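Listed in order, the protein sequences are those of chains A and B. Positions in the first sequence are counted from 1; adding 160 to them yields the working numbering. Positions in the second sequence are counted from 1; adding 581 to them yields the working numbering.
Label-pair distances were calculated between CB atoms; the ranges are: (1) 204/A <-> 701/B: 19 to 27 Å; (2) 644/B <-> 401/A: 55 to 63 Å; (3) 201/A <-> 767/B: 23 to 31 Å; (4) 320/A <-> 709/B: 47 to 55 Å; (5) 201/A <-> 660/B: 18 to 26 Å; (6) 381/A <-> 627/B: 46 to 54 Å; (7) 722/B <-> 432/A: 30 to 38 Å; (8) 265/A <-> 856/B: 54 to 62 Å; (9) 718/B <-> 417/A: 35 to 43 Å; (10) 725/B <-> 375/A: 49 to 57 Å; (11) 208/A <-> 660/B: 30 to 38 Å.
Because the hints were derived from the structure by calculation, they are not lab data. These numbers were taken from a predicted model, which means no experiment stands behind them. We treat Cβ as the ideally placed atom computed from N, Cα and C, and that holds for glycine.
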Amino acid sequence: MSVVPAEVLPGSALAVEETVRGEAELGPRARLWPSLVAVYRAQLSRARVARIPLLFVATFQSVGIMILMRGVVDGGGEAQSVVAGSSVLVVAFVALNLLAQYFGQLRASGGLDHYATLPVPPAAVVLGAAGAYASFTVPGTVVTAVFGCVLFGLPLAHLWVLIAVIPLAGAALAGLGAAFGLLAPRPELATVLGQLGMSAALLLGVLPADRMPEPVRFLRDLLPSTYGVEAFARTFEPHPDWAFVLGDLAVCAGVGVVSLAVATWAYRRAAVR
Amino acid sequence: MRGLTKTYPAVRGRRGVPATPAVTATDEVRLDIRRGEIFGLLGPNGAGKTTLVRQLTGLMRPDRGSVEILGHDIVRHPERAARILAYLGQESSALDELTVSLAAETTGRLRGLEARQARDERDAVLDELGLTPIAGRPIKKLSGGQRRLACFASALVGERPLLVLDEPTTAMDPVARRAVWGAVDRRRAERGTTVLLVTHNVIEAETVLDRVAVLDQGRVIACDTPTGLKEQVAGDVRVDLVWREAAPLHVPEVAALRDRVVESGRRWTLRLAPDEARAVVATVTGGAAFAALDDFTLTTPSLEDVYLALGGAAQQGLVKA
Chain A
161 MSVVPAEVLP GSALAVEETV RGEAELGPRA RLWPSLVAVY RAQLSRARVA RIPLLFVATF
221 QSVGIMILMR GVVDGGGEAQ SVVAGSSVLV VAFVALNLLA QYFGQLRASG GLDHYATLPV
281 PPAAVVLGAA GAYASFTVPG TVVTAVFGCV LFGLPLAHLW VLIAVIPLAG AALAGLGAAF
341 GLLAPRPELA TVLGQLGMSA ALLLGVLPAD RMPEPVRFLR DLLPSTYGVE AFARTFEPHP
401 DWAFVLGDLA VCAGVGVVSL AVATWAYRRA AVR
Chain B
582 MRGLTKTYPA VRGRRGVPAT PAVTATDEVR LDIRRGEIFG LLGPNGAGKT TLVRQLTGLM
642 RPDRGSVEIL GHDIVRHPER AARILAYLGQ ESSALDELTV SLAAETTGRL RGLEARQARD
702 ERDAVLDELG LTPIAGRPIK KLSGGQRRLA CFASALVGER PLLVLDEPTT AMDPVARRAV
762 WGAVDRRRAE RGTTVLLVTH NVIEAETVLD RVAVLDQGRV IACDTPTGLK EQVAGDVRVD
822 LVWREAAPLH VPEVAALRDR VVESGRRWTL RLAPDEARAV VATVTGGAAF AALDDFTLTT
882 PSLEDVYLAL GGAAQQGLVK A
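The shape of chain A in the complex, shown without the other chains (with noise of 0.2 Å):
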């Protein structure tokens, strides 16, 4: 076995250290749209590979929640709430549950490392990810929204809301499950943390408020998929009132904002300890 020392190797170790003294070209700095383009596309792609058949569990949970809710719900206002409330849940199972687990997954085993070590920002490495999720949550809620038209005859005209809905809802309950899996100190706790914030989203977002006593009204005021389930709630009116529907909105855009914010604080804080 032959080892060849630095010293004598072509283009030598010494003869440059004699020359370099000044600070080294630092490489480029990765600016935040483009990398974020690049996280969203890549983590689109991982559907491909390990987040279908779980897309399908979103759609069948709230298709079957519906279902057995068509036995307690006689049309009307409740009909309205539990479609609009199953198809929120969609948002919540994928972008709150799902992605706080992917964070908490990927932190406990040392895959923000990846990330760190390379010259991205923060926010385009939480908002990439969250972006895809609040996009895989698409083709569930609109085939659940659908379905639940359908199902308890309600209007489908007025489900173009859904563009809005989707990404708005989509953005709070991402930052908030972000949030989650990179805060909680074991990917255990974030799983935990998911799992309540989707239970919280279904108990408080699809049964009819009406019937609930105030102090768990008040937990569902506090809820931030509450909001995105009573914009689309409301559009199901024959008239609805727009005015309502878009400062509902305008909750889940501020929450999304904070939340995301947070989110990426929580992600400098677990890639740099």
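Assemble the complex: chain A is given as a structure, and chain B must be docked to it using the hints.
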């Protein structure tokens, strides 16, 4: 790079099981790595190699000390590390569910390459490492060695003057290993790339490294070329004796050796001066002991012997089987 002066710090307190004191993972480590060098960190599990690398890559702040890479102070500006070095960690969970090709391309994009450039570099690197045929497969579905190679490919996209590789060739077959070292050598020859390699594998360390630092319990216990290190124990020869069943302790010469051996089942390992070794071999190959002897070997020192001779912690050697 008159480079990495790390005077590295004690008291990286880690919370362990209750009643365990804080662990000093790296203790006043000081290393200078030259530009264009393949420098190795060798040491057993828990020696502090990974901690050291995390401090170097800006992933962990040292409690004390400084890191300077190519003129940049990494302790003060940890974010600059990502713009000077490429890091291949032991974990691939961030890339696992991507295809080989997308993993490389995305990593290139996140290193600040333009889309076009990232695609071109991706193609070049995959081709160089022989990964093109499996470019479309998810990394998760590959074998351990291929997975490692795919991650290595990602580390190469988006040129960096310093590569920090944490056990890059784990689980790789010889073809893949050769691809890795070939790629490293090309970068060094063409662009003067410096490589910091963390390894367990002594044999690999002897063949590819220019210089090596042996780490033990957070301290550098030796730092030299592999040859230089071996010269430190050059006088010694390793004698391995394998007995058929048990050592013939009724033979006085054999019994006398007993407190100097490292015993492992039927195998006895001794580190001796050449004269002594000759005497031992004469004893066991003639006379009463021979009947009990199954096999014996005499070897000149390897890095593993160096490590043991330097007083490596557990006297257990470095190679993970």
